[in-house]
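The numbers in the numbering used here rise by one with no breaks, and the one at position 291 of the sequence shown is 291.
It should be emphasised that the hints constitute simulated quantities derived from the structure, not laboratory data.
Yeah, the Cβ is synthetic: ideal placement off N, Cα and C, and Gly gets one too.
Some clues are possibly wrong.
Label-pair ranges, simulated between beta-carbon atoms [stated by the list, open to error]:
1) 220 with 289: 23 to 29 angstroms
2) 204 with 126: 55 to 61 angstroms
3) 278 with 220: 30 to 36 angstroms
With a Cα cut of at most 25 angstroms, we get these calculated BS3-like pairs of lysine-lysine [unchecked claim]:
4) 225 with 185
5) 75 with 268
6) 224 with 291
7) 185 with 155
8) 155 with 67
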Amino acid sequence: MKFQYSHLSSGQFESLVIHLCYELLGFATETFSGGKDGGRDSRFEGRANLYPSAAEPWTGVTIIQAKHTSAYNKKFSDGEFFGTASSEVDGEIPKIVKLIKSDSLRNYFLFSNRKLPASAGLTIRDYISGQTGLHSSNIGLVGVEQFENYFKRFKHIPSDVGLNPFDMPLNIEPDELAEIIVSLKNNLKAISKADLGRKIVRVSFERKNQINNLSGPYGSTIKKKIGELYQVQDFLAMPENEVLQQLYMQSAEELAAKVCVLRSPDQKFDVVLEKIIELLLERDTDLRSNKTLTRLMIYYMYYHCDIGEEDAAAAE
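Taking the hints into account, I'd like the entire structure generated from these sequences.
Given below as structure tokens:
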């Protein structure tokens with residue numbers, strides 16, 4: 001189950017980390033405590049249960065840190081977090097060195113609600129290792145991707161700390177859609193104008209609008225884009241765009257599921273579509289740079305019946 005971690009408080013995020021460490025390290029994991037410098041650390045001493053593996057677990061003193069950000073779509077490689085003299089990681093180096101001397105620290109475990117590409121993980125581990133003397137195998141980094149994998153295995157943790165994903169704001173991952181939009185922008189001129197005599201196989205548009213409580217004026221706005229919607233269809237249907245087709249299906253499936261679960265029964269679908277567009281533009285710079293195409297893609301998802309309810313008996 002995916003969470004919008006940026007909407008958690010620092011305390012909620014720390015609670016998730018501690019309960020995860022109960023599983024990975026052991027129940028001797030201490031709760032987070034404030035340091036003299038305002039930093040908050042947790043500590044575990046002993047033989048870890050599962051990290052980095054059950055066959056070769058960490059032993060000795062492990063210091064755990066949780067770095068939470070309320071910003072969306074942030075990465076470990078962002079300058080404020082790593083790679084500059086004033087970054088958060090650089091600020092921790094003197095503390096790690098001190099704890100190696102004063103507390104016999106052997107392992108360093110850093111959690112953050114940021115994305116952690118594999119290349120960035122290697123770079124950061126090597127940097128911390130070079131600055132502190134810790135071996136890179138004794139440095140653990142966990143980002144949002146790994147959180148999701150862990151919570152698939154330890155499904156009880158979110159409920160143990162009182163979190164329900166359906167009580168949180170709509171979580172939309174823009175990355176896959178952004179990749180499609182950028183490619184569409186670069187290739188749209190090469191796509192011939194659509195043959196408006198064709199039809200997208202779908203439920204009657206008027207019937208779909210009625211089922212989903214979409215207003216007449218908003219429906220008319222979408223229909224004005226019909227020629228461009230067919231161009232999107234042609235673009236996605238090109239054999240060379242097979243990867244983009246898969247990304248589109250994943251994005252549409254995720255949006256459709258979340259809309260079904262989180263939408264209020266009496267809510268106008270106009271509001272739903274506008275909220276989706278607003279969140280996407282807010283959370284990705286590529287989408288913000290291509291607002292018109294982003295809106296067109298969401299219109300296409302609705303018109304193509306990939307989001308919103310449909311009545312199969314009323315199909316064209």
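Hints, verified against the model:
no.: 1; hint: 220 with 289: 23 to 29 angstroms; verdict: holds, 27 angstroms
no.: 2; hint: 204 with 126: 55 to 61 angstroms; verdict: holds, 59 angstroms
no.: 3; hint: 278 with 220: 30 to 36 angstroms; verdict: violated, 21 angstroms
no.: 4; hint: 225 with 185; verdict: holds, 16 angstroms
no.: 5; hint: 75 with 268; verdict: violated, 35 angstroms
no.: 6; hint: 224 with 291; verdict: holds, 17 angstroms
no.: 7; hint: 185 with 155; verdict: violated, 40 angstroms
no.: 8; hint: 155 with 67; verdict: holds, 22 angstroms
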